[in-house]
Structure formats: C-alpha cells, structure tokens
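A.B. asks: Those protein sequence lines, which keep their order, are chains A and B.
Under the numbering used here, the letters of the first sequence match residues 1 to 185, in that order.
Under the numbering used here, the letters of the second sequence match residues 1 to 393, in that order.
Since the hints were derived computationally from the structure, they do not count as laboratory data.
Check before you lean on any hint, since a few could be wrong.
[As the list claims (entries may be wrong)] Not everything, but these chain B residues come out facing chain A in the computed CB check (under 7 Å): (1) Arg-114; (2) Gly-121; (3) Gly-153; (4) Tyr-183; (5) Thr-185; (6) Pro-189; (7) Cys-190; (8) Asn-191; (9) Pro-197; (10) Pro-260; (11) Asn-275; (12) Ala-337; (13) Asn-339.
Think of the CB as a built atom: it goes at the ideal place given N, C-alpha and C, for glycine as much as any other residue.
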Amino acid sequence: MLQPILTFRRSLPVIAATLVVTACASAQTPAPRSFGTLASSVLQDPGNSETRELRIRWTTAQTAAPGTRAAASSFKLVAQARMSGALRRERQPELSVNDLVVVVQDSSGRDIDWRSVPNPRLVRAETPGRDGLLSGRVLERDDVELFVYIPDLPGADRLQIFSPVWTGKEYNLDPLGQIAIGSGR
Amino acid sequence: MRFLLPCAVLLSVAGLASAEPVVPIRINGPDANRIGVTILGDGYTQTQLLKFSTDVDLLVNAFFQQSPYDEYAAYFNVHRVDVVSNESGADHPETNTFRDTALGSAYNCGGIVRTICVDTGAVNAVLSRSVPIDARDIVLVLVNEAEYGGSGGAVTVASAHRDAVELALHEVGHSFGRLADEYDTTPPPCNSAIEPPEANAALEIGRDKIKWARWVDGATQLPTTTAQNGVPGAYSGARYCSSGLYRPTLNSKMRSLGRPFEQINAEQLVRRIYNLVSPIDSVSPSETSLSSAAGSAVDFRVNTPRSTRPLRIRWTVDGTSAGEAESMRLNTGALPAGNHVVQVEVSDQTPLVRNDTSGLLAVRRSWTVAVPESGADDLGRALEELLKKWRNR
C-alpha cells in the first residue's frame with residue numbers, strides 16, 4: 001500500500017496575468033489511438049516563439065478492489081500563462097512508458113500539435129545493495145500537478161491526455177481524459 | 001466532440017512571486033541547441049548557498065566524468081537555481097523529523113528508507129518562474145543531506161552524499177536516455193511476453209535480429225554465459241525478469257551502480273543527445289538563396305558544438321568535394337552562369353554509435369547560388385545604383 005507522498009502545503013506560485021480556470025473538466029474521454037499515426041500525421045509546431053503553460057490538477061481514484069487502481073482520472077485546469085520562448089522539437093521522437101502524450105485540438109476536433117511530457121505520478125524508488133546491484137519499485141502518486149507546455153497556437157481549444165502502452169511493436173495511446181483549454185486569449 | 005460541462009474562465013492578476021537566482025555553471029552554446037540541465041537545491045538555507053554551489057560543482061564534475069557524458073559535455077548547458085529553504089536538510093518521517101524546505105524533500109518515500117521524494121508541484125513552480133523553457137531538459141534536485149538517497153521520475157532527486165551521483169546517472173538514464181532497468185528482480189512486474197521498447201533489453205536474440213546486433217562479435221555465443229564485463233552479448237535477465245529477457249552486457253550502470261554504462265547504453269545516450277542537439281549550431285550566410293556576380297567570392301561557414309572528437313565537415317559544390325574545414329570560400333569565377341548548389345554535411349563519426357538508422361548523427365545544409373551572365377550582372381548593378389540614388393533623394 002503506498003502512502004500518500006505529497007501534500008500540497010505550499011501556496012501555488014503566482015504568475016502575472018494568470019488565467020484561473022474553475023471548471024474545465026471534460027465529461028468524455030477521447031478514443032484510443034496509435035502514436036505512430038499521430039506522430040506521422042501531426043507535425044509539432046516548429047517556429048512558434050510563444051508558449052502556453054498549462055497547470056493541470058490530476059487526481060486518480062482508487063477502486064474498491066484491493067490492489068487495483070481505477071483507471072478513472074480527473075483533470076482540472078488550474079491555471080495557464082503565456083511565456084516567451086519556443087518549445088524544443090525532438091529530431092526523432094522517442095516515447096517511454098514513463099511519459100504522457102498530450103494532443104492539442106481545435107474546436108472541430110482537428111489535431112494541431114502534440115507533445116510528450118514526463119508522467120508526474122511516477123516515482124522510481126531504486127536502491128543499491130552492497131555490491132551496487134539495484135532493486136526497485138515504481139510508486140504512483142494519486143494527486144499531482146501536471147505542467148504541460150504547448151505552442152501558443154491560434155485555434156487551440158482542448159487538450160487530450162494519453163498514456164502510452166507498448167504492444168511489442170509500437171506505442172498505442174490509452175486515453176486518460178481531456179480538458180478544455182480555450183484560446184487563452 | 002463537444003464538452004458537456006461549461007467551462008468558466010476567470011481572469012485574475014496575481015502578484016509577482018520573485019524569481020529565484022539562476023546561475024550558469026557550464027555554458028557551451030545556445031540553449032536552443034544544447035541539452036539544458038537545471039539543478040535546484042532543497043534544504044539549503046540562505047547561509048548555506050555557498051555549500052550548495054560547492055555541492056553542485058561536485059555533482060556536475062562527477063556526472064560529466066562518465067562516458068558518454070564526458071565526450072559530449074559540450075552538448076550540455078548547466079544552470080543551478082539558488083532555491084532558499086527556511087530550514088536545512090530534509091524530512092525523515094521514520095524518525096518523526098520534519099524540516100521546512102522549499103521543495104518538500106522527504107526520505108522514506110513510499111516506505112523505502114533511502115528514497116527521497118520532492119513536491120514536484122513546487123519544483124515546477126520554481127522552473128516556471130525562473131528557468132527558460134529550453135534550459136530544463138534534465139531537472140535534478142540536490143538535497144542538502146549527507147545521508148545517501150534519491151529517486152527518479154519526472155524529476156531526478158539526489159542527496160549530497162558523494163555516491164548519490166551514481167543514482168542520478170542511473171535515473172537520468174531512464175528519463176533522458178529511455179533506458180530500461182537491467183536488473184532482474186521484481187517488483188516492478190516482469191513481462192517477458194513481448195519485445196521491450198527500450199534499446200537495452202531484448203526478447204529476440206537471434207544473431208541478426210537482436211537490437212544491438214552490430215555490437216556482438218561473431219565469436220560471442222548467444223545467449224551469452226561468460227562472466228566478462230564489457231563484452232556485448234545477450235545475458236539472461238533484464239527488466240525485472242530473471243529469464244526470458246536479455247541485457248546487452250554483464251553488468252552496466254542500468255543494473256548496478258558504480259559500473260560504466262557500457263556500449264549499448266552509451267550508444268543510446270549519444271543518440272538521445274543528438275535527438276535534441278543538431279551537430280550544426282549555425283551557418284552563414286543565413287539566406288539559402290544567394291546571387292553572386294561572376295568572379296566574386298562568397299564565404300560560407302558552419303559552426304558546430306565542440307566535442308572532444310571533432311565532427312567531420314564536408315563541403316560540396318554541385319556534388320563535387322570542396323573542402324573539410326569550418327569555412328569555405330566559393331569563387332564564382334570558376335563557375336558557369338546559372339544556379340549552383342553548395343552543401344555542407346556535418347557528421348559525428350564516433351565509435352560510440354554503430355546503429356544510427358534515423359540519421360541523427362549527420363545533418364546537411366544547402367544553398368543555391370545564382371551566378372548571372374556577366375551582361376545581365378552589369379545591368380542588375382546599374383539598376384541597383386539607380387534604385388539607391390532614388391531612395392536617397
């Protein structure tokens with residue numbers, strides 16, 4: 001049984017001209033999809049010099065069944081802000097099961113950008129024995145803040161959040177949820 | 001799909017939180033073409049910031065002493081963030097000891113004594129207000145505690161214990177290098193039913209099919225049962241499975257601390273470095289379409305990161321070799337009128353990488369140079385002069 005790892009005992013950092021979003025959870029989750037198809041059909045925006053920072057509260061509920069964890073995730077946009085500087089684009093995107101994939105869509109549901117971000121729920125607890133040989137566990141936090149950085153694209157309307165699942169040949173994207181982000185303008 | 005819940009947006013203008021001082025430790029080039037390492041301190045009080053500076057230097061020096069980071073140190077920029085805590089040290093819940101620190105470092109995370117967790121929300125808040133977005137590809141929190149400890153994940157955490165850098169290297173091997181654990185004990189659960197995604201664990205070990213086939217000597221048996229360090233093969237036991245999955249070397253840093261990364265992991269780390277860093281920093285001229293009068297010279301230049309092993313530079317003009325230096329002068333007098341293609345290719349011929357199917361280690365830039373007929377050139381110059389005079393009226 002994992003103990004709750006963190007409590008949010010500090011006040012949220014403040015950012016000038018921050019948009020505070022009170023209720024932007026989506027009632028629907030997106031459909032599963034293939035990462036290969038996404039990466040080949042949606043190019044990451046290369047040249048935008050403005051970036052949007054999205055601060056998302058991500059909570060997961062445990063199921064009643066012992067030893068199992070509900071897949072149900074709840075996402076809530078806490079704040080967003082603009083910042084200068086372009087996002088980096090990987091020359092050869094390479095996913096990991098420790099990542100999340102976020103897809104930015106416009107109001108018609110068209111994909112306009114995607115990014116991979118480290119999964120903030122996962123903590124690798126690894127310790128060496130006397131000979132240096134490691135052993136470990138992967139801990140999961142129930143309640144985290146997910147920071148997502150996306151290019152400040154006109155038309156951005158919603159964010160879909162996926163967890164990569166390796167099939168042995170490729171990554172499929174398992175949907176976790178989606179939230180409205182608005183244009184932020 | 002439309003959202004079912006209404007989305008109410010309020011605009012609030014909040015007060016500015018002061019940004020923490022960000023101190024450059026190693027700057028080797030433009031942030032946009034370097035891997036940004038940011039180190040934040042936790043449990044350092046205002047009067048302990050000098051100690052933090054010293055601890056960071058020790059950590060960074062130890063980190064970049066290990067291959068392949070030593071060869072590619074010039075591909076990284078390193079900053080430290082002077083985060084001030086109210087109290088020194090970290091929480092030790094197992095002894096009911098609690099400290100008021102900026103990033104909430106706590107040992108005994110998940111009930112594991114030497115695992116330190118931090119408040120990633122607090123870490124991200126510091127990054128958000130203080131660190132440029134392209135300077136934080138690798139984020140490390142250094143905890144002001146002499147006792148060994150740390151953890152991995154979105155944020156790598158290490159105590160100031162001198163051996164904790166080994167754990168940091170291992171964890172960055174996961175987060176940055178996309179490497180698998182090579183130890184063979186559970187938990188985490190073993191899954192030997194499918195080919196793992198990582199470069200350093202394999203289910204398929206046929207001589208031509210194993211991921212790291214280019215590293216395996218023909219005389220090495222597969223699976224490999226000899227117990228010799230540093231010999232690529234297929235060693236039983238990897239990724240939490242005692243059998244069914246194979247690791248590339250007997251004992252690497254992804255299995256045991258205090259060991260080198262070894263060939264296959266080092267190769268993957270170099271590929272990951274080139275995933276973010278282009279071997280070309282900049283070129284000149286910046287325009288890709290040029291016009292040059294017949295008989296004049298055009299100077300081309302390519303700037304590259306300074307690795308310990310020089311990169312190979314090859315210039316060509318219309319496919320013909322034209323030099324291997326950082327700069328090249330094109331004398332258009334030797335060229336007939338028309339368009340000509342100048343290309344430079346910069347590549348890393350490092351022996352650390354044998355498998356670069358994505359071509360990450362080589363980059364090309366090209367220019368088109370138009371050389372006009374001499375008569376047309378005279379006419380063009382005359383028109384330019386007229387235009388200049390008209391603008392200066």
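A.B. asks: If you check each hint against the structure, which ones fail?
C.D. replies: 6, 7, 8, 10, 12 and 13
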